[in-house]
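Given chain H, work out where chains X, Z and W with the ligands should sit, using these hints.
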Amino acid sequence: MTTTPMTLIESEDRREYRVTRRRDLAVDLSMTLATILAALAIGFLVMLVTGNDPVKAYEAMLTGPLDRSFRVGRWLEDATTLTLLGLSVAIPFRARQISLGAESQVYAGALAAAAVAVFLPLPPVAAVLVPLFAAATAGAGMGFVPGAMKARLGANEIVATLMLNAIVVRVYDYLVNGPLKEPGSSAVHSRSIQQDSALTPLSDWFGIPLGRANIGLFLMLLTAIALWLLITRTPLGYRIRMTGSNPDFAEYGGIRVPRAIEWSFVIGGAVAGLAGAHLVQGVYGRLEPGLAGSLAFEGIVVALLARNNPLVVVVAGLFYSYLRAGGDIMEQQTDVGTEIVVVIQAVIVLLVTAQALPDLLKRRIARRQAGVR
Amino acid sequence: GGSGGDENSGAAASGKPRIKLVINGGLGDKSFFDSAYEGLKKAEKDLGYELKVVELGSDRTKWEPGFEDAASADDYDILAAGTFEVTDYIGELAPQFPDKKFWLFDAPVDYTGKNGTCSNKCENVYSVTFKQNEGGYLAGFLAEKLVAEKSLKGAESLKKVGVMPGVKIPVIEDFVVGFKAGFKEAGGRNSDVLVQYVGGDKPFGDPAKGKEISTAMYGQGAALVWPVAGLSGLGTFESAVSAERYTFGVDSDQYQTLTDQAQKDTVVTSILKNVGNALYKAAQDDRKDSLKYGAVDTVGLADDAVGYVDDDHFKELVPQKTRTELQEAADKVKSGSVTVPSAF
Amino acid sequence: MNSVIDVVFSSAFLAAVLRVATPYLLAAFGGLVAERAGISNIALEGQMLSAACTGALVAGYSGSVAVGALCGVAVAVLLGLLLAALRLELGADAIIAGIGLNLLASGGTAYAVYSLLDDKGGTSGLKSGSLPTVTLPGIESIPVVGEVLSGQNMVTWLAFLAAPFVAWLFYRTRFGFRLRAVGEMPDAAASVGIPVRHVQYAGLALSGALAGLAGVFLSMGYVSFFVRDMTAGRGFIALAAVFLGGLRPWGVFLAALGFGAAEALAVQLGTMDVPPQLVSTIPYAMTLVALALYAWRRKRRGLTQETAASL
Amino acid sequence: MNESWADAGPAVAAHAVTKTYGNGVRAVRGVDLEVPSGEIRAVVGENGAGKSTLMKMFYGLEQPSSGEILIGGRPRVLRGPGSAIALGVGMVHQNLMLVPSFTVAQNVVLGVEPGQRGLVDSRAAVETTALLAEESGLAVDPKARVDEVSVGMRQRTEILKALHRRARVLILDEPTAVLTPQETEDLFAAVRRLRDGGMTVLFISHKLREVREISDKVSVMRAGSLVGTVATADATERSLAAMMVGRDLSLDVDRAPARPAEVTLRVRDLAYDAPTGQSLHGLGFDVAAGEIVGVAGIEGHGQSELAEVLAGLRRPTTGTVSVGGTDTAGLDVAGHRRAGIGYVPEDRLYNGAALDESIADNLVVDRHDRPPLARRGVLHPGAVRTHAERLIEEYAIRTPDPSVPVRALSGGNMQKVIVARELSAGPRLLIASQVTRGVDVGAMRFMYERLVAARDAGAAVLLISADLTELLALSDRLLVLKDGRLVGRFDDTAGLTEKRVGLYMLGVEHHDQEQLTAGLDDVEPDDVESDGVGPDGSGEASAV
Ligand SMILES: Nc1ncnc2c1ncn2[C@@H]1O[C@H](COP(=O)(O)OP(=O)(O)OP(=O)(O)O)[C@@H](O)[C@H]1O
Ligand SMILES: Nc1ncnc2c1ncn2[C@@H]1O[C@H](COP(=O)(O)OP(=O)(O)OP(=O)(O)O)[C@@H](O)[C@H]1O
Ligand SMILES: [Mg+2]
Ligand SMILES: [Mg+2]
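Chains as they are written, first to last, in the numbering used here: chain H, 55 to 427; chain X, 61 to 404; chain Z, 23 to 333; chain W, -10 to 533.
Same shape as in the complex, but just chain H:
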């Protein structure tokens, strides 16, 4: 069968395929940039229409975060949490589980990290690692609940995670306002963590002020690489991918689909737990009400932006945090109000996954080449 006259055409096909694939990659990249530019252009119009000075605003937004080392630190610190949260949903998304539970997991992680870091005296290195571990475990546990409900009972994970978020956020609020509140303090927050448990600030390393940025950044990078390896280089990752792609096929092929689903939730939860630990041990140094802000939700944007590829999530996280930081600086330095900043961020979010532009171009290139021959 292999020595048919087709061989010639086949090798031609093969060549063509490789060329197309390489070109597609280039087109994808450049078009992603083009879409972002288009989004920024629309933001430009929004500012013009609302009577602001777009040039000055964009200057603040696009160069602002790099203006001072402190702002770079602010960006990196934000990106660390955001990327971890993006990673935490990317894994269940890979198994096609729409887990919206990062919020509950990050709070559970923060609670666990704080419980250890505040109350348990530990020797130096352990003082950092044990809370991290506790946070990952708590996050994983919080992920396990909807995971097991989905895998074992078939309970819808969207409902389960949304409900769990609502519950955990309220319980967290109660704990921070009540039992865990620092005695004698009028402000609402827990006692500070022990000195040894803090994630070393990057300023200590580089000798320049970098705000609250800390070695959690490297922890985040390591996590991303580990998750990428997990997805592409381990049997469990393979099982998660196949389960996400076609669960019936996965089951037929001998993959225990419920187990793969559970694992995806547990791993995601653990990563979100780490994000909680980063907030406690690196950012605030204690528990504060509402400490994750809207990051848990924006992690979803980051994950989907990166099409759930862990390494790309890092890029998307850095990009999105840059936008967040830039938007804040724009609001401070110019007359553009918070409302318009939100609108511009919305426009960018809306357009940034518009893939049709690159696809259109790809199709045009393919057609032109077909026409040539």
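Some clues are possibly wrong.
To be verified - Computed far set for chain H versus chain Z, every beta-carbon distance over 12 Å:
(1) R75
(2) V225
(3) E236
(4) F260
(5) L271
As the list claims (entries may be wrong) - To give an idea of the chain H side of the interface with chain X (calculated C-beta under 10 Å), a few residues:
(6) R68
(7) R69
(8) D82
(9) R122
(10) G208
(11) G232
(12) S239
(13) A241
(14) V242
(15) S246
(16) Y338
(17) L372
(18) Y376
(19) A379
(20) I383
(21) Q387
Keep in mind the hints are simulated off the structure, nothing from the lab.
Being a predicted model, the structure only gives us computed values, none of them experimental.
All C-beta atoms, glycine included, are put in the ideal place defined by N, C-alpha and C.
Frame of chain H; chains X, Z and W with the ligands shown alone:
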């Protein structure tokens, strides 16, 4: 960062001192921040200041960097901020920018410098806090008198009163603690005070839920409901109209701010916590160089920073006897012969 | 405990349930229609918010409540169409686009209110009025039923009519029939010549209209003004109801009604001496348990789960 | 419908049509084809030759990269199936296009629903479908949900869908792949009637015998190009095959007699209560290592259920199954696979493949956690790729690269991916359901050889097929299922005719219990259902 203020650190080109109000939340809350903003705007107009407002939004991850940014920029002379949430940020930043002045309202920085902030003993920070418990006390006192004397038309048979705070945090709880104390002082029973928090995703911005809760409290026999929940409280006035019952306003004079006459009519009085006045006063004092930096100023009934509205509508609804009793109670608090318990 | 039982059977409580459930019902049906059309509508929250804002503003300026409500719904429809266009024409991810629309609505409404009224809080300074309540002559005199039903806002009536309407639409009409086919197997629908995109546009417009009605209810029925971000997460609860209801009209109806009842109950129990944060977890904890029990029973009966349109 | 057809000229035609897919694969190359009205034109060619792609262009599902499509004698720009349907073109797709949660009737009427004022009249839909089914001889249950009926019924539903639209041009892309001979006969009769009524039919099949039977002319495609059109009368299966592959090809399978060894699959008193579909009752049989046992039966009489129970995808209600001495009770699918079971599923799109994943990933699902692909918990992508390249080569899967998603393969090539995976696992027991569904003659022969080779290497093969010719050609022994019961057992297939087996399939004849259980160890007679008569009362001829 750096130690700021190297060039042109005096005043603006215009020569006016510049105030930067940094809000860890947003304007439009119809109470706390709006009141602060109004006070400073008035100062801008009357006293020759320049005012800039920065809103940081409710996402807490942005607060610390937001304050750092605000403090590092050299476009202000006085940085004003409020709430307990930001005391540590101010305590960190004040020593870094010793040439600048900081005003902190509704919370004190830690002037002792013991917990790591305020390394310069916050000599450039003026803090002002409010005895909102005293306002709560008067509200509770008045409420019990009104139901006991059956003065509220259409609600004569009812004994209960309701309080609807946004969330259970100390500053808000201070109102409630005071209310209960006043209610008891006037002869009421604790069990007649219904307290229900709005809670949820937007405790200070969910008027629909506020309305539902007030309606429920009226349904449980409350003659009046006192919302301490920002915009959520707007729902209370609507429910009071349909239940034909009464309300107290909070923070600002809500008889003035409401537009609907039926709703206005439900407002017996408003318990004022006048953040704006306090800031205006600080601005006045600062112009005269008599503002006391490096210390906390605690203001209450005695300073007119907390109080109640005594207008024609109030006189119409509240009998003379009750008004006198209320005035006496207020005097006792002012003179210090009564100490109102606090949530702090 | 007795008082709890008294509360639950009081007509005031039942009336409250209908009121509280109204926005959940409408938004959930909006979510259901979109989901069945094959595009997850995460933008429910933003659609409600825009409708609430537009409704209050237009009603305030035009002096006509009806015009306000119509404009509010129309804006939500436009947002639905925009979501569809982003998904279908530009190939954007529906979830991200939905999140983007929510952001847009939050910023856009705040900006509109601020620039028109110079008030960052909302439109409470504007006299907008609210949609009329419905009093059926006969019903009012019936003891409990009368007290529960009479005086409910017309949108509440619409919300409860939405269940049979959506069920009828899905299972009896040509449009619903095609909508379900398109959502489930777009290729199959396309291969029989159904204009898939048109159907999806129509579905998302309807979805927006329902969510818009929910929003209009908030600012022109529940209360009579708009407040920044006043939806307060109701869109997401509605989304949960869509899936809790198994993507079926009557299931969604029960789920949304359940959320309404649980919240109304939490409101009634709120004056108890228990930490308020813990009391407010009651509806969610109940849902979680109900979800698990329901799933367990389904599983025992060997039925499978509906899946979401996204991802 | 049927607007603006020119009176003269071909019903459908392609002029210099080329199609390049987005990923660079050129599926159709400069094809010129004309089909006059009232003709049944067969299109044949190897897997991936471009037949489906060409048909999709006639139906508006794909647009040509260059060249022109003519319908009704005029050049047309078909923006979508809608415009093709408006021109009177109907199509039955190779990969079924049905809405799973809809009933058969709803699927049939989808797009042209009966009813007034925007409403759908479900009763009318059911009646129309039933009527149509009767007229065309394609039996369906109009009220059954599509995801609960057999693949065969789904295929019949697809055909009814096209017939229902009363098209002037009907494209049938491998409609007979899962039909029984009788159904195929009925379909052909219907198609001929339609042709006589003036309809143009484009018919794709890999079964050259069918092609010869039904078509007027045959067009042959190879590697995207049209290599010629011949009158059916002038063509033989052999000559067509030679045109398709470009060289002479023998179509017969040579098969040495089986040398069965010890029993590998042992099934006793197997019963299964199906929530939907056909239940199984009291099955007992053996399959020995080194033999191919065929399972015949009218589609939907329990073959799918039997295969899935044996593969571990469903749990039997009672009875025992053991494979190579391992009792499979309580094992999950992975356990079954570990016991040495390979399974080619009947519906490759449903669970045979993850369409959006690469060919390479699809080829390792059952062995991704074992050396050489994975060692010490690490999966080696290089090894996965090498593994895929080897199988692509060995099984002649036509694709430019192992990283191509399975979705972008032609139907036959998808099937080859699945067969390659299951056979290369070296299974102890191979359950092969509709193995050659949709594969071309060359590949079919190749798969036959592979099955026989697997048998000779000591595998026990259970072959399930709707194609009796295939069963008779390959099986060493044959079992017949009817209504979930075993009704026939032929220990020697030599000289067995399709007709004779057909009688058992229809329930006209059945073997008695003794013959069915002859030679099986430990059968307790009480547990065995003694009447082999189906519930449909077809027990007139009671015994052999
Ligand atoms: N979800 C699954 N689907 C299919 N096979 C699995 C699954 N999980 C584990 N296996 C396989 O089952 C065997 C049992 O291994 P083991 O119990 O150590 O599992 P594992 O690989 O550590 O995974 P887990 O951590 O989930 O237990 C291994 O061959 C493993 O690859
Ligand atoms: N959607 C697609 N994207 C990319 N390539 C495709 C796509 N569909 C088909 N192809 C490629 O186009 C070629 C022709 O495929 P086509 O489906 O037309 O073959 P076919 O003749 O119908 O084969 P079969 O007999 O197996 O059905 C194949 O090489 C296939 O891999
Ligand atoms: Mg084909
Ligand atoms: Mg293990």
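Hint check:
1. R75: 19 Å, holds
2. V225: 7 Å, violated
3. E236: Since the minimum Cβ distance to chain Z is about 18 Å, E236/H lies beyond 12 Å and the statement holds.
4. F260: Check passes; 34 Å lies beyond 12 Å.
5. L271: 25 Å, holds
6. R68: 50 Å, violated
7. R69: Given a least distance of 51 Å, the restraint on R69/H is violated.
8. D82: 31 Å, violated
9. R122: R122/H check passes; min Cβ-Cβ to chain X is 7 Å, inside 10 Å.
10. G208: Interface hint status for G208/H: violated (29 Å vs cutoff 10 Å).
11. G232: 8 Å, holds
12. S239: With a minimum Cβ separation of about 8 Å from chain X (threshold 10 Å), the hint on S239/H holds.
13. A241: At about 4 Å, which falls below the 10 Å cut-off, the nearest Cβ of chain X leaves the hint on A241/H intact, so it holds.
14. V242: 5 Å, holds
15. S246: 8 Å, holds
16. Y338: 8 Å, holds
17. L372: 16 Å, violated
18. Y376: 13 Å, violated
19. A379: 8 Å, holds
20. I383: With a closest approach of 7 Å, the I383/H hint holds.
21. Q387: 7 Å, holds
Consistency with the previously given hints fails for numbers 2, 6, 7, 8, 10, 17 and 18, ordered from lowest to highest.
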